[in-house]
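Engineer: Build out the structure end to end from the sequences listed, making use of the hints.
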Amino acid sequence: MFRKSFLLLIIVILSVSLFADEKTGLKPGDKVVDFGMRKANVEKGKLSGLIWLGDYVGKKDVKEQKKVLVLNFFANWCVPCIKEMPFLQKMYDKYNKKGLMVLSVNFRTESEKFDPTFKKSIEIIKKNKIKYPVLFDRFTNRNQLIYLGDKAVLPCLIVINGKGEIIEKFQGEGSHDLKKIENVIKKAIGE
Amino acid sequence: MRALVLVLVIFFQFFAVFAEDDKKAEPVKKVSSEKIKLLVQKIAAADVDDAMAKSIEEALVLELGSRENISVVTSAEMKNVVKSTSIQAEMGCEGSDECLVEVQKKLAVEVLFAGKITKLGDEFILSINTINVADKTVGQRISVEGKDLKTLKSKIKGAADILLGISKPKQMFKLAEGEKLKIAVMPLASRGIEQSTADSLTSILSAQLNQIKGISVISQDDIKAMLSKAALDSEVACTDSMECVIEIGASLGLSKLVTGAVGKVKNTFVISIQLIDVRKADVVNRVLESYDGDESELQNAIKLAAFQLAGVDYKKMPGAVDFSFNIKEGTVKFGEMEAALDSPVYAAEGLVPGRYYLKVRADDEDYLPLQTEVYVAPGSKNVKTFTVLEKPTPWFKSWWFWTITGVVVLGAAGATTAVVLTQQSPAGSGTVTVE
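Respectively, the protein sequence lines represent chains A and B. Mapping the first sequence onto the numbering used here, position 62 (from 1) lands on 62, and the numbers just tick up by one. Mapping the second sequence onto the numbering used here, position 39 (from 1) lands on 39, and the numbers just tick up by one.
Treat the hints as calculated values from the structure; they're not laboratory data. Ideal Cβ positions, reconstructed from N, Cα and C, are used throughout, including at glycine. Just so you know, not all the hints are guaranteed correct.
[Stated by the list, open to error] Taking CB as the label site, the calculated pair distances span:
#1 B:T151 to A:E173: 55 to 61 Å
#2 A:K44 to B:K280: 56 to 62 Å
#3 A:K44 to B:K37: 37 to 43 Å
[Claimed, not checked] Listed below are the simulated BS3-like cross-link pairs for lysine-lysine, each with C-alpha atoms no more than 25 Å apart in a straight line:
#4 B:K182 to A:K63
#5 B:K42 to B:K224
#6 A:K163 to B:K256
#7 B:K224 to A:K151
Structural biologist: Structure representation (structure tokens):
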């Protein structure tokens, strides 16, 4: 009886720890997982070439080494995500020449078809005058879930240093503190 | 003064070095100024219009013929020569293709251009290789692909440059020593064969690539999930497969992936696979294997293709064959090797991996010769049983012919007898006069 209970306890602990790990996604201190996604060509309303995370951070032979990369995840239905877009554009304008890169990644649920989602996203990008690359994956949410975790809590903003290490992760309510986010960016750039 | 001497010595040495270099360069010029005689054989067409093959052959002849110091003999010219009675008498042949080789030697043809054009899906694939007539060794081999005749023709100049050794072929991918490569193998498309066969070949290709040191192949599950999503989401127009493949590879964070197709065109099986650099959106290596043989050979062909695709030196990984036959006596020709068969088994080891031609003849005249192509994959043994087919019984020797003949003869004999008997005057007949 004791042995059975002990075994059950271990299984429960293991399952909880496994699920806990899956839920949170990548966290501060973790190395980025590289991926490439197609960038939205806002003017033409189409998808254009691939943009890779590894083009900016985390590799020895990066195309365009940046000091800081802000990886932002948004969904069309996520009002706070859309609200923080102008802030990210402001950060991009202010710190891009000093070594900041901003990449925004679209997230869509299983029920959302790609074409209408993309069309709506283009409207949002245009309305908010977004100039930094906004990325889309037509086939999967695989990478989004790696970073966001299984619950995919939005908004989510991840600050990554030039070595490709996650410095800070602002998710859910935590991402409302724009002042704090700017301070983290400034510190990482070396201002 | 000492410094001046030193400068002079260096000056003269400098000149001496350049003079030496000039001497070394001379033989190259000499070789290139020699006139070469080439023969362009008829381009074989598999499921492709003969006119297209003819057009390609003409384009190749024109291209090669336009080069300085090259004289081209066409296959038609060669056949005409062979048909000439004096040559036939001299060579002791009757215009057969086998005789061509001898005629080539006689006409001092040094290099033979052989080609084949086939269609796989929407793409035409033209493969050309050179054969050195003197030692029958295969020289350069090249394949070009295109969606139409115009595209193929536009690629002939580049192909001719490579085959003639004028320009180097594009540097293809080669797995460097100690290099680590994580790749995905996309499901191979099937063209004229069962999709299940293509799926098994995808698994064999993945397993073989995974066994190559430095390569790790990711699970097929992620790819399958993405492909099914692409298929389900009707709004996602995945029409351009290359675009889709690259997008999937990028999403998986892979720098390279493998894609391709397996097909059958008439009796020819074709494997066409590419290694794609996802970041550059470019094909970094391409392998094309085609053979006339059994479908089961696809397994060995794809294993060989895996090594070729990874750019691994597989020639140092010999393979072996162990063939069994239903005949006990005969002759076996395997590649360049010929042997008498005194048991129903033929085995060979230490073979350079590649495609081999196999011809088996039984001593008994009742058997047809077996001709097929087989593969020796790197470091593996090809074990196979072949059935040498019996010649079909001639109709005049068949049981049904003799049965029918018997029936006809007996019938005829019976009928004749009946006719003869019925034509005799009936017994007791006559004219009776009563007075």
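Engineer: If you test the structure against every hint from before, which numbers come out violated?
Structural biologist: When the structure is compared with the hints, numbers 2, 3, 5 turn out to be violated.
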